[in-house]
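Participant: From first to last, the protein sequence lines stand for chains A and B. Take the first sequence: its letter number 86 is residue 166 in my numbering, and every next letter is one higher. Take the second sequence: its letter number 579 is residue 632 in my numbering, and every next letter is one higher.
By construction, these hints were calculated from the structure, which means they are not laboratory data. Wrong hints could be hidden among the right ones.
Said to hold, decoys possible - What follows is a set of in silico ranges between Cβ atoms, one per label pair, in the way DEER data are often shown: (1) A:S138 to B:I453: 37 to 47 Å; (2) A:L212 to B:D413: 46 to 56 Å; (3) B:P552 to A:D233: 53 to 63 Å; (4) A:S138 to B:C127: 30 to 40 Å; (5) A:F142 to B:G128: 34 to 44 Å; (6) B:C108 to A:L212: 41 to 51 Å; (7) B:G490 to A:F142: 51 to 61 Å; (8) A:L212 to B:M110: 20 to 30 Å; (9) A:S138 to B:Q673: 31 to 41 Å; (10) A:F142 to B:K637: 32 to 42 Å.
It should be emphasised that the depicted structure is a prediction, and the values quoted were computed from it without experimental measurement. Glycine included, every Cβ here is placed at the ideal spot set by N, Cα and C.
Residues per chain, in single letters:
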Amino acid sequence: MPESIRERVMVRFERCVGCHSCELACRVAHSRSGSLAVAILEEPKPKRRIFVEQAAESPAPFLCRHCEDAPCVRCCPTGALRFDEASGLVVYGVDRCIGCHACVMACPFGVIQPGAGDLFVVKCDRCPDRDLPACVEACPTKALVLERDFLLDRRRRTVRRFVEAARTAGTEADFVATGSIGNP
Amino acid sequence: MLLKKAEIQARTITEDGQIFLQKAAQDGLETVWDRYEVQKPQCGFCELGLSCRNCSMGPCRIDPFGEGPQRGICGADADIIVARNLGRMIAAGSASHSDHGRDLVEVLRKVGEGYAPGYTIRSVEKLQKVAAEFGIASDGKTPSALAVELAYAMEEEFGTRKKALTFLARVPEKRRAIWNKLGITPRGIDRETSEMMHRTHMGVDNDWQSLLLHGLRNALSDGWGGSLIATEISDILFGIPQPVTSEVNLGVLKEDQVNIVLHGHNPIVSEMIYEAAQDSELLALASQKGAKGINLAGLCCTGNELLMRRGIPMAGNHLMTELALSTGLVDMMLVDYQCIMPSLGEIATCYHTLMISTSDKAKYPHMAHHEFHPETAQAKARELVRLAVENYARRIPAKIQPAPNAPTRMLAGFSVEAIVAALGGSVTPLIEAIKSGDIQGAVGVVGCNNPKIQHDSGHVTLTRRLIQNDILVVDTGCAAVAHAKAGLKVPEAATQAGPGLQRVCKALGIPPVLHMGSCVDNVRILNLAATLANTLGTDISDLPLAAAAPEWYSEKAVSIACYAVASGVFTVLGTPPPIFGSPKIVKLLTEDIEGLLGASFAVEPDPEKAAERIVNHIRQKRKALGL
Ligand code: SF4
Ligand code: SF4
Ligand code: SF4
Ligand code: SF4
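In isolation and in its complexed conformation, chain A is listed as follows (with noise of 0.2 Å):
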């Protein structure tokens, strides 16, 4: 993969504690003042790109998976959604959209939205100008994060437990003395 691939927002969902200030301030990183304050007052109201959802009663944040091969990209008619090779995202371009919604109903995790005002559909746009998207940014508990970050810690978890797990189970001799080393 080229360098200049951007990071998908990754979700660690057993760290999620339901406080919905990803949405806050995915909704004021979009506003066009820029703070909330301002913005909770704005007309049409700036509208979020993550969700907050309950499901088997935890909290669950969702947003644009930017997917490879999306089916809102194969969907649109007008080129509106497309796959952008340089920075791996998902990118919109309004002023192609017809505002049919065929994105909307295509979208298998029910993230993209019909939109107010000038926009037709409004979806995660990962933040273009912002090095950490608002909603990574915003989250208390580092739910969210970004790829890199995720698989890191993913990883560093799986070798930890793997060490831990080795450490407990005792030393090599306790395995050649009952015989599960060198009798394959």
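With the hints as your guide, set chain B with the ligands onto chain A.
Facilitator: Then chain B with the ligands, alone, in the frame of chain A:
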């Protein structure tokens, strides 16, 4: 949108609740359960007690996973923030009960001074007894003069100049020694609440342990102060409750009568409405309008107060308040304060119901405000009952649905005085029954409803298990109404109890579950426990007792639970309080506190498991007593 059968059954176990949930949905109403659904997921920080809004450098939140911030801007850590939040909950609960008590003190004084026509002193006996406790001699004084003196003495209790509240004389000596040692003897009712607000201001008390200790003192100022004053004055003014039969559930609303529903907590308004509803002129007006009479019904604790003293039927408890309106049969609902959902006024606009708010400190959207003051309450009550009668003709036939199920019978009115009388004049027979093992112990199952728990199932499941184990259950508030609806409050329910409790109930002609009043009346349970301990010359914490609030929601319930534990009663909560963000505080309250107070908290949402824990606790206490 209509609800599926499974959805309805998941919300409530009550028959009338299930029927009227569907009716409410049909009429397009949004109920507390619908609003709960759309609040999900609820904020995890607040659930854990980890959010702080005590100053404007904040709001601050502590990351319970340890990766994000571990301190508020001021530097407060999770323990401090959780303790501060819990302290403020206690303060709010205690303030509510105590302000209710203060209102009654005011009426008592005005009755004595002759400014409150309509109200009288119904129990001179109690007036004299309580006055004596305050060191006021009754000889030669008229009840009015005595009432004024007592009212002034009680007003002093709210202030700050005392070392200890007067009613602490009722507390077993060993218990008072514990409080003195811990420095939690409550001094003034308002003082402790005020001090709690001070301590939890940014930069005051930042030791989570001392914050929690003051929380206990604050709660004790409610239990042995504000609430106790409210109960005692209610008895003086409106009479000491005596066993009385009545009925419960939405079936008590009559299709052919003017239905006036009384909701809230303060008996000052409802007692006057009760009088007005007996007025022959108004009854004549009702029959002129085609109604067969004027039917009063209660909701929540105002209902409990009237039920205990006048036997008026109960329409339901907290989660039934919105559904009561959906019958289309309520001609007027009067509310005073506490636990009145702000949604009620708007729901009522769907029907012909007149919604009336009555307290100078509690106004609600879409309600007409008619303030009650002792001086004019009598006339005001007549005016309102007249309005209700006139409103009978405005019922909307298409929206009416009477409850198809018959009301459930019940017995209420078990004040301590009534229980002692039923026992033949002293608590000795009860102690004997406990000693012999016929009664293994007693548990107060109290508290509210909470949509997070299937309506009434927490109360009813727990109580059924307890009585099966020969444990006598006493109850108050919304729990009491839940038990009554489930048919546990008739003498015949004794057959559902274990063999020992069954024998006692049959001998005395009482139900296995005794209704001791409203939530302020939890102090009756406390008084009973103190009387038992004093008779035995021991401490409350030595007795085989426990308390449970399986479906609590309110800040008042937090205060009640804290004064119960501080008084030595093991207390099990069904809904988790917002303290789990601090493992240290959880450990202190559920384990270590036992060593200090001889009692602790437990949190157990599953009522079956809660029953198990309580039964075990009672067995242990019996064993320690050598029983
Ligand atoms: S709404 Fe716009 S983006 Fe979506 S499919 Fe239609 S044209 Fe494409
Ligand atoms: S990445 Fe940006 S647009 Fe997408 S949800 Fe987060 S804040 Fe909103
Ligand atoms: S900000 Fe983080 S913790 Fe809060 S709802 Fe969003 S993902 Fe969950
Ligand atoms: S008191 Fe401290 S923790 Fe609370 S809001 Fe202020 S700075 Fe934050």
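Participant: Would you say the C-beta atoms of A:S138 and B:C127 sit inside 30 to 40 Å of each other?
Facilitator: This hint holds: roughly 31 Å between Cβ atoms.
Participant: Determine whether the Cβ-Cβ distance between B:G490 and A:F142 falls within the hinted range of 51 to 61 Å.
Facilitator: With Cβ atoms ~58 Å apart, the hint holds.
Participant: Do A:S138 and B:I453 keep their Cβ atoms within the hinted range of 37 to 47 Å?
Facilitator: holds, 43 Å
Participant: Is the hinted range of 41 to 51 Å satisfied by the C-beta distance from B:C108 to A:L212?
Facilitator: violated, 28 Å
Participant: So does A:L212 sit 20 to 30 Å from B:M110, Cβ to Cβ?
Facilitator: holds, 24 Å
Participant: Is the hinted range of 53 to 63 Å satisfied by the C-beta distance from B:P552 to A:D233?
Facilitator: holds, 60 Å
Participant: For A:L212 and B:D413, compare the CB-CB distance with the range 46 to 56 Å and indicate the outcome.
Facilitator: With a Cβ separation near 52 Å, A:L212 and B:D413 satisfy 46 to 56 Å, so the hint holds.
Participant: Evaluate the given range 34 to 44 Å for the C-beta pair formed by A:F142 and B:G128.
Facilitator: holds, 35 Å
Participant: Does the hinted range 31 to 41 Å hold for A:S138 and B:Q673 at CB?
Facilitator: Holds, since A:S138 and B:Q673 (Cβ atoms, about 37 Å apart) stay within the stated range.
Participant: Cβ-Cβ distance between A:F142 and B:K637: within 32 to 42 Å?
Facilitator: holds, 35 Å
The structure fails to meet hint 6 from the earlier list, while all remaining hints are met.
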